[in-house]
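Required output: the full structure, derived from the provided sequences and hints.
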Amino acid sequence: MGTNGYAKTYADSVEDPEKFWLDAAGLIDWDVAPRQALDDHGAPLYRWFPDGQLNTSFNALDRHVLAGRGDDTALIYDSAMLDTQRTYSFSELLAEVETFAGVLHGQGIRAGDRVVIYLPMVPEAVIAMLATARLGAVHSVVFGGFAAAELAARIDDARPDVVVTASGGLEPKRRVEYLPAVAEALETAAHRVRSVVVASRDGFGHTAEEYDGAGGTEWADWAKLAETAEPQGPVSVAATDPLYILYTSGTTGSPKGVVRDNGSHAVALAWSMRNIYDIAPGQVMWTASDVGWVVGHSYIVYGPLIAGAATVLYEGKPVGTPDAGAFWRVAAEHRVEVLFTAPTALRAIRRADPEAALLAGYDVSKLRTLFAAGERLDPETFRWASESLGIPVVDHWWQTETGWAICANPMGLDPQPIKAGSPTFPVPGFRVRIVDGSGTEVAAGSEGNIVLDLPLPPGTLATLWGSDDRYRASYLEAFEGSYATGDSGYVDEDGYVFVMGRTDDVINVAGHRLSTGAIEQAVAKHPDVAECAVIGVRDSLKGQRPCGYVVLKAGSTATEQEVQSALADLVRKQIGPVADFRDVRVVEALPKTRSGKILRKTMRQIADGDDFVVPSTIEDRSVLDDLMPLLRPGT
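Going by the UniProt record's numbering, the first residue of the sequence shown is number 1, and it counts up by one from there.
Bear in mind the hints are in silico, worked out from the structure with no lab data behind them. Any given hint might turn out to be false.
[As the list claims (entries may be wrong)] Simulated crosslink set (SDA-like; lysine to any residue; CA at most 25 Å straight-line):
{"hint": "1", "residue 1": "Lys173", "residue 2": "Ala80"}
{"hint": "2", "residue 1": "Lys366", "residue 2": "Pro354"}
{"hint": "3", "residue 1": "Lys317", "residue 2": "Ala568"}
{"hint": "4", "residue 1": "Lys553", "residue 2": "Ser540"}
{"hint": "5", "residue 1": "Lys317", "residue 2": "His334"}
[Stated by the list, open to error] Derived Cβ-Cβ restraints for the label pairs, each shown as a range:
{"hint": "6", "residue 1": "Pro615", "residue 2": "Glu210", "range": "21 to 31 Å"}
{"hint": "7", "residue 1": "Pro417", "residue 2": "Asp453", "range": "19 to 29 Å"}
{"hint": "8", "residue 1": "Gln605", "residue 2": "Ser446", "range": "10 to 20 Å"}
{"hint": "9", "residue 1": "Leu45", "residue 2": "Asp12", "range": "20 to 30 Å"}
{"hint": "10", "residue 1": "Ser622", "residue 2": "Asp469", "range": "34 to 44 Å"}
{"hint": "11", "residue 1": "Leu630", "residue 2": "Ala360", "range": "42 to 52 Å"}
Note that the structure is predicted; figures quoted are calculated from it, not measured. Heads up, the beta-carbon is just placed ideally off N, CA and C, and yes, glycines get one too.
This is how it looks when you write it as structure tokens:
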């Protein structure tokens with residue numbers, strides 16, 4: 001790595017983390033400044049800045065207004081679906097947040113209470129998040145594409161007092177009504193929600209008034225409540241108090257609620273905005289994701305606003321709204337300097353416009369860096385984007401659990417040479433190792449389990465909601481003294497990290513992490529299905545796609561086509577359209593071990609065309625042999 005700025009900064013972060021992170025805490029405005037960085041008394045559960053107090057909403061809004069930057073742009077809403085745009089200054093956004101904090105306060109929300117936010121990509125989503133944080137309450141954003149069953153599961157786990165939603169969301173060819181799904185979720189959930197607040201949108205068929213009382217809950221209109229709401233100031237909370245819960249799929253199908261605290265989250269994001277993304281106050285960053293995912297939390301909402309930058313909230317698609325030039329239009333019109341998106345979006349644009357001909361119609365000269373994350377940026381897409389844009393294309397790797405990048409090229413600190421297929425080096429604060437199954441570190445160039453030594457740096461998950469034990473079992477017990485990322489990869493002789501894929505059964509569909517176990521649970525509800533296995537198969541566009549293999553019950557007369565159609569509908573209703581579940585094969589039997597475990601990993605390796613070894617514990621080799629033609633690529 002050499003003796004450069006990155007190397008020294010990284011060394012400082014791991015050799016004296018106390019000083020390093022207390023210095024970084026100077027990027028944040030505190031009500032009570034921390035004098036201690038790390039509290040390790042609860043190891044392996046650690047807490048950062050235990051004696052500090054602050055408010056995250058204040059750091060995102062008020063402090064910029066107080067510094068005389070109230071007229072500067074904070075939020076740019078661009079809806080390709082409605083062909084409308086709206087810009088909010090810091091003062092305007094603060095006024096909206098103060099008012100909606102008053103709405104939530106009027107609904108009884110106080111510090112520590114939970115608010116579930118089920119909204120599309122509209123300004124109300126950002127406002128609701130910041131308003132919840134303003135009160136010291138805890139938000140849990142649920143992606144609007146999730147079905148009622150998924151929403152109900154999160155309501156039961158987070159136990160919110162209020163659900164904030166909208167009339168619906170927009171897809172390129174249809175409108176998605178939200179209120180029927182919310183009502184169904186409330187009826188299904190065991191937990192009783194106190195109230196539902198609805199942001200009305202034109203063109204949808206349902207209203208809050210119509211659903212009032214559904215699920216034993218009061219429903220009210222956002223705008224009407226805002227008319228009489230008393231604006232609320234920021235509530236000071238402990239740095240270690242939770243800011244939000246964000247659910248990520250568990251391998252068992254049961255969602256895991258990642259808990260992010262207030263203090264270390266703010267510090268980590270402020271540090272990353274300056275050192276990874278090279279964004280300063282007044283500049284424009286566009287993260288083309290959704291507020292329902294961790295990327296949207298960190299770099300649509302909190303990161304840019306904490307840094308005093310303008311952030312773009314885009315309601316649209318990379319293609320089809322109206323064409324594959326949509327991203328270049330947004331970048332040009334809003335003078336975007338840093339664009340952050342998923343490799344899936346880049347592949348979709350490339351597929352529709354392989355020569356990037358549409359790019360020529362837009363002036364994207366302000367765009368200086370393209371960041372990609374959410375899944376591995378394959379070398380071909382990296383080369384296409386690099387050659388088309390003529391700017392650095394930076395892959396970086398992180399997880400819902402970490403909240404910000406584990407590995408990245410630090411563009412604001414000390415940019416490093418880029419290697420296709422690698423997210424470059426560990427970010428300061430993250431100690432990355434590659435180990436074998438017994439936890440022994442492997443040689444450079446050898447693939448193994450990627451682990452992070454404890455303690456994790458600020459901004460990472462504090463625990464899982466309601467269960468420290470599940471946190472330990474899920475992440476901390478496989479490799480003593482380390483956090484198991486669940487990813488495999490290697491470090492080359494130059495220190496570059498290469499992340500090759502998941503080691504568990506959570507798949508990555510277009511940047512969305514989905515549990516194959518949850519999809520299997522939905523498939524198993526079909527009356528003709530006796531047994532099923534769902535695996536993630538490599539896909540040139542979406543990274544992975546779920547493929548189902550089902551065994552029908554004896555006497556079933558359903559055709560394969562009928563089963564395919566029925567299961568696609570079932571998964572859409574149970575999981576949501578994000579699963580994109582269409583590939584289903586009816587088989588006579590599934591390959592298993594003698595103990596009854598389905599050989600999903602072996603099936604996946606065959607389907608991906610990888611080398612594989614048939615486990616010695618297989619019960620009947622002929623079952624796998626019979627399945628082989630259906631698994632092999634191109635069949």
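Now for the hints, and whether the structure bears them out:
no.: 1; hint: Lys173 <-> Ala80; verdict: holds, 13 Å
no.: 2; hint: Lys366 <-> Pro354; verdict: holds, 23 Å
no.: 3; hint: Lys317 <-> Ala568; verdict: holds, 22 Å
no.: 4; hint: Lys553 <-> Ser540; verdict: violated, 34 Å
no.: 5; hint: Lys317 <-> His334; verdict: holds, 17 Å
no.: 6; hint: Pro615 <-> Glu210: 21 to 31 Å; verdict: violated, 56 Å
no.: 7; hint: Pro417 <-> Asp453: 19 to 29 Å; verdict: holds, 26 Å
no.: 8; hint: Gln605 <-> Ser446: 10 to 20 Å; verdict: holds, 19 Å
no.: 9; hint: Leu45 <-> Asp12: 20 to 30 Å; verdict: holds, 25 Å
no.: 10; hint: Ser622 <-> Asp469: 34 to 44 Å; verdict: holds, 42 Å
no.: 11; hint: Leu630 <-> Ala360: 42 to 52 Å; verdict: holds, 44 Å
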